[in-house]
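**Student:** Those protein sequence lines, which keep their order, are chains A and V. Using the numbering used here, read the first sequence as starting at 1 and increasing by one per residue. Using the numbering used here, read the second sequence as starting at 114 and increasing by one per residue.
Each hint should be verified, as a subset may be incorrect.
What the hints assert, rightly or not - Derived DEER-like restraints, expressed as beta-carbon distance ranges:
| no. | chain 1 | residue 1 | chain 2 | residue 2 | range |
| --- | --- | --- | --- | --- | --- |
| 1 | A | A52 | V | S116 | 29 to 35 Å |
| 2 | V | P168 | A | A52 | 35 to 41 Å |
| 3 | V | P168 | A | R77 | 30 to 36 Å |
| 4 | V | F211 | A | T15 | 32 to 38 Å |
| 5 | A | Q17 | V | P168 | 46 to 52 Å |
| 6 | A | D38 | V | H120 | 18 to 24 Å |
| 7 | V | R221 | A | L79 | 42 to 48 Å |
| 8 | V | Q155 | A | G16 | 29 to 35 Å |
| 9 | V | R221 | A | M19 | 40 to 46 Å |
| 10 | A | K9 | V | F211 | 46 to 52 Å |
Unchecked claim - Subject to a maximum C-alpha distance of 30 Å in a straight line, what follows is the list of computed DSS-like cross-link-like pairs (lysine-lysine):
| no. | chain 1 | residue 1 | chain 2 | residue 2 |
| --- | --- | --- | --- | --- |
| 11 | A | K9 | V | K174 |
| 12 | V | K184 | V | K162 |
| 13 | V | K162 | V | K182 |
| 14 | A | K9 | V | K162 |
| 15 | V | K213 | V | K162 |
| 16 | V | K213 | A | K9 |
| 17 | V | K171 | V | K182 |
| 18 | V | K213 | V | K184 |
| 19 | V | K174 | V | K162 |
As the list claims (entries may be wrong) - Simulated coverage check for chain V against chain A, where a stretch passes if three residues somewhere in it have a Cβ under 8 Å from a Cβ of chain A:
| no. | region |
| --- | --- |
| 20 | 162-174 |
| 21 | 212-220 |
Hints listed in this document are in silico derivations from the structure and should not be mistaken for laboratory results. Every residue, glycine too, gets a C-beta built ideally from N, C-alpha and C.
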Amino acid sequence: NAGVTQTPKFQVLKTGQSMTLQCAQDMNHEYMSWYRQDPGMGLRLIHYSVGAGITDQGEVPNGYNVSRSTTEDFPLRLLSAAPSQTSVYFCASSSGGYNTEAFFGQGTRLTVV
Amino acid sequence: AQSVSQHNHHVILSEAASLELGCNYSYGGTVNLFWYVQYPGQHLQLLLKYFSGDPLVKGIKGFEAEFIKSKFSFNLRKPSVQWSDTAEYFCAVRNTGFQKLVFGTGTRLLVSP
Chain A
1 NAGVTQTPKF
11 QVLKTGQSMT
21 LQCAQDMNHE
31 YMSWYRQDPG
41 MGLRLIHYSV
51 GAGITDQGEV
61 PNGYNVSRST
71 TEDFPLRLLS
81 AAPSQTSVYF
91 CASSSGGYNT
101 EAFFGQGTRL
111 TVV
Chain V
114 AQSVSQHNHH
124 VILSEAASLE
134 LGCNYSYGGT
144 VNLFWYVQYP
154 GQHLQLLLKY
164 FSGDPLVKGI
174 KGFEAEFIKS
184 KFSFNLRKPS
194 VQWSDTAEYF
204 CAVRNTGFQK
214 LVFGTGTRLL
224 VSP
């Protein structure tokens, strides 16, 4: 079972560069989300999607863009990377029903220099 | 908006000591509750979850948690920790019927052999 797959695992960007973090799930889950993890701050929700074609902002959406063209994929785009976006990014998915758990990807460690 | 407090940011224990990590949430409605663990360099893994029923839930690796609705708490316990329990522990809450997980800031546990 692949579950939730994130690529790449590590990335270094220069300030101002753009890139896309990939997230794919093979569980036919409706709900997908992106979190960033920073020391002492836990995980904070960036963007989420309740199904293909539907996305919404989370707690810290600035500087990030998402789209959901298929149920399986939920890429996160950094439009113009800034050092403040240095973080570990986690993608998660869940089936969207009551009493279900979220499954997390392995994470992407991003450094912006 | 829902918020989660983990009051212990760093905990240091010796092997065989008992562990209790506090978690309190703010929203008083029906909630789903989770504890996740993140071992060094790894992704989030689900330790245990509470959806309904018996407020004392047992998870993997000998962990358990007790949901006390009147105190808005979901504390994590383990009678005897091992060196391999060294990790960061996150409490998370979700309002039933919604998919957004709200995380606490995490507790770093160091178990000395």
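**Student:** Each hint should be assessed against the structure and marked as holding or not.
**Tutor:** Each hint, compared with the structure:
no.	hint	in the structure
1	A:A52 with V:S116: 29 to 35 Å	30 Å, holds
2	V:P168 with A:A52: 35 to 41 Å	37 Å, holds
3	V:P168 with A:R77: 30 to 36 Å	42 Å, violated
4	V:F211 with A:T15: 32 to 38 Å	36 Å, holds
5	A:Q17 with V:P168: 46 to 52 Å	49 Å, holds
6	A:D38 with V:H120: 18 to 24 Å	19 Å, holds
7	V:R221 with A:L79: 42 to 48 Å	33 Å, violated
8	V:Q155 with A:G16: 29 to 35 Å	31 Å, holds
9	V:R221 with A:M19: 40 to 46 Å	30 Å, violated
10	A:K9 with V:F211: 46 to 52 Å	30 Å, violated
11	A:K9 with V:K174	27 Å, holds
12	V:K184 with V:K162	18 Å, holds
13	V:K162 with V:K182	15 Å, holds
14	A:K9 with V:K162	27 Å, holds
15	V:K213 with V:K162	15 Å, holds
16	V:K213 with A:K9	24 Å, holds
17	V:K171 with V:K182	17 Å, holds
18	V:K213 with V:K184	22 Å, holds
19	V:K174 with V:K162	14 Å, holds
20	162-174	holds (count 3)
21	212-220	holds (count 8)
This entry does not satisfy hints 3, 7, 9 and 10, going by the numbered hints stated previously.
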